[in-house]
Amino acid sequence: MKLDTIFNPKTIAVIGATDRDGSVGRGLVKNLLQGKKLRKIYLINPNRKKVFGIKTFSEIRAIDKKVDLAIIAVPAKIVLKIVKECCEKKVKAIIIISSGFAETGEQGTFLQNQIKQLLKEANISLIGPNCLGILRPSAGLNASFAPLSPNQGEIALISQSGALLDSIIDASSDKFYGFSAIISYGNEAGLTLPDFLDWAGKDKKTKVIALYFEGLKNGREFFNIAKKVSRIKPIIILRGGKTKISQKAVSSHTGALAGTSQIYSTAFKQAGLIEVQSLQELLDVSKALVWQPKCKNGIGVVTNGGGAGILAADYCYQLGVNLTKLNPNIKEKIDKAKSMHSGWSKNNPVDIVGDALSDRYKIAIDSLLLQNDIYGLMVIQTMQVMTEPIKNAKIIIETKKKYPKKPIVAVFMGGKFTNPAINLLEKNKIPNYSDPLRAAHAIKSLTNNH
Amino acid sequence: MIAGFEETKKLLSKYKIPYGQGEIIKNKTNGFDFAKEFDYPVVLKIYSSNILHKIDIGGVILDIRDEESLSVAWEKISKLAQSKKADILIQKQEKGIEIIMGAKRDPVFGPIIMFGLGGIFAEILKDVSFRLAPVTKKEVKEMIKEIKGYKILNGYRGQKQANLLKLEEILLSLSEMIVKESQIKEIDFNPIIISDKKAVVVDAKILQ
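Chain order of the listed sequences is A and B.
For the first sequence, our numbering assigns the number 1 to the initial residue and increments by one for each residue that follows.
For the second sequence, our numbering assigns the number 1 to the initial residue and increments by one for each residue that follows.
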């Protein structure tokens, strides 16, 4: 079965559907019912006549219509029996949310293998077991027990850890970026990480792929597919389990054998992936790549604070992002502008001095973008008493329209006085970062020649 | 098991990897003859399929410059060889920068290759780069440039630039070898001696 169908099924049956407080089944049903106008959802529970006021079926075979996707959230020991019934019902695909399989040891592995074999023979696709589920915001599908449904967007987030996904979904809910798909692949008894990666590479709604995992079962297969997909769209990877202490947690987590960190990093680099070091960086870089175009290495920095500009220059240097030397005519243009402070830096970073009002930002931004070999911009704003955050944000947004091929990232640093401007920027797809280091990582990913 | 001398020689020649001029000798006279033909300085080494770290047990004598020193060195190394049931290899001493290359099969990713400067650079500073094999020419070039010690190869303080093309060729061959020879578990070329003219593997350890 094609993954496209799994991400937009016409009929879903939930086995283990319940409205009992604090249960996985309740979260799952609640999330699925958000899409009840888009597809038929059958709830199955032999012990409850109704769940959320909807009549239940005692088992999947009691449904008289065809079922595209069966989602199983029952205790591990009865999953095999349920899977057999799903095979008889000839469902097209199954997601097993339940845990208690290969991740727990030998017995669980045995059970998982039985299920795997059965579904392979029946030619039914399997996601999981031991996973959070899958989400496809554009299709109104939340087949997971995540705490809420995420914004629609262009990031495909694929993760070995389900719990991390929950927190990312929650954290992103008041942000302006969103997801084309969120996939928790669990123990990979059926569909594997490379399958999902391959799908995301072809998916028209996905612009950037963000990955989290600790270990790979088949590194070479992953490598080959990642190498192919990274030529089409950026793949960002955060890997956990790099140190000896965390490796212990890995083997009891997913049962995947972790190789050495250096070999993983080598493989990522060779396959053209962008490796990041934290969750924040994963999202920072994803946001930049979704919203802004890629460019050649050579950027300009505008700042109204010397310290922030120096930090930005340091970080850019450390990360191999070049700051372009200003052309004499550009220098002259800035110099001659009436409102420019005579003490401006005359150099890149262009420090327009602390008391800068918006007109100085406008001159600096306009002039830098005019120079051909300044391919992108980092605009820093520290919050001084006279600073005009909203006006500055508007200048960035307007200028950006004139230069669609030159990426701009913003570093509006502050809180209460700055936040409305940050929201305005991000609403208009200018990524903002609270720290020049984060912005430097973002711009590096944009200047990367993958 | 480490591949024997003849087998190692054969494998290297199959993949067109330059192996240092050398032969297994049975007595001192063989050594003198070798040195007459190929010139001093020479090197004596023990060679055994069971000994992984011959330097650690004094199994390598470098920079032997004349017949007298060769005599002394022979006495020393033949005793060791006898006690370890090892052969004795004589080689021409090569001049240049020491390079290390290796290959192994990673449990997750399969065949990989490694590159670095020899000696403390690789062992203590871990200044090495890796790639999954097979590699392209472009990847091999990146791999060489990636190490911190690259500047040393690129002509440092008036030294001539090492012949990087030769290093690229050996890396490509090494990659091909680990991919094609499925019986090989690990390969160690340590060291390879590189100069501005040539690169030569002077010690090859192939684990099967």
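Hint data in this document are derived by calculation from the structure and do not stem from the laboratory.
The structure presented is a predicted model; accordingly, all values stated were derived computationally and were not measured.
Be aware that one or more of the hints could be misleading.
As a list, the in silico DSSO-like pairs of lysine-lysine whose alpha-carbon atoms are at most 27 Å apart [said to hold, decoys possible]:
| hint | chain 1 | residue 1 | chain 2 | residue 2 |
| --- | --- | --- | --- | --- |
| 1 | A | K204 | A | K242 |
| 2 | B | K104 | B | K160 |
| 3 | B | K138 | A | K296 |
| 4 | A | K444 | B | K104 |
| 5 | B | K84 | A | K227 |
| 6 | B | K141 | A | K233 |
| 7 | A | K233 | B | K138 |
| 8 | A | K269 | B | K197 |
Residues of chain B placed beyond 12 Å of chain A at every Cβ, according to the derived structure [claimed, not checked]:
| hint | residue |
| --- | --- |
| 9 | N30 |
| 10 | D106 |
| 11 | F109 |
| 12 | K126 |
| 13 | V128 |
| 14 | F130 |
| 15 | E139 |
| 16 | G155 |
Where a beta carbon is used, it is the ideal one built from N, C-alpha and C, also for glycine.
If any of the earlier hints don't hold here, list their numbers in rising order.
Per hint list: 1, 2, 4, 5, 8, 10, 11, 12, 13, 14 and 15 violated.
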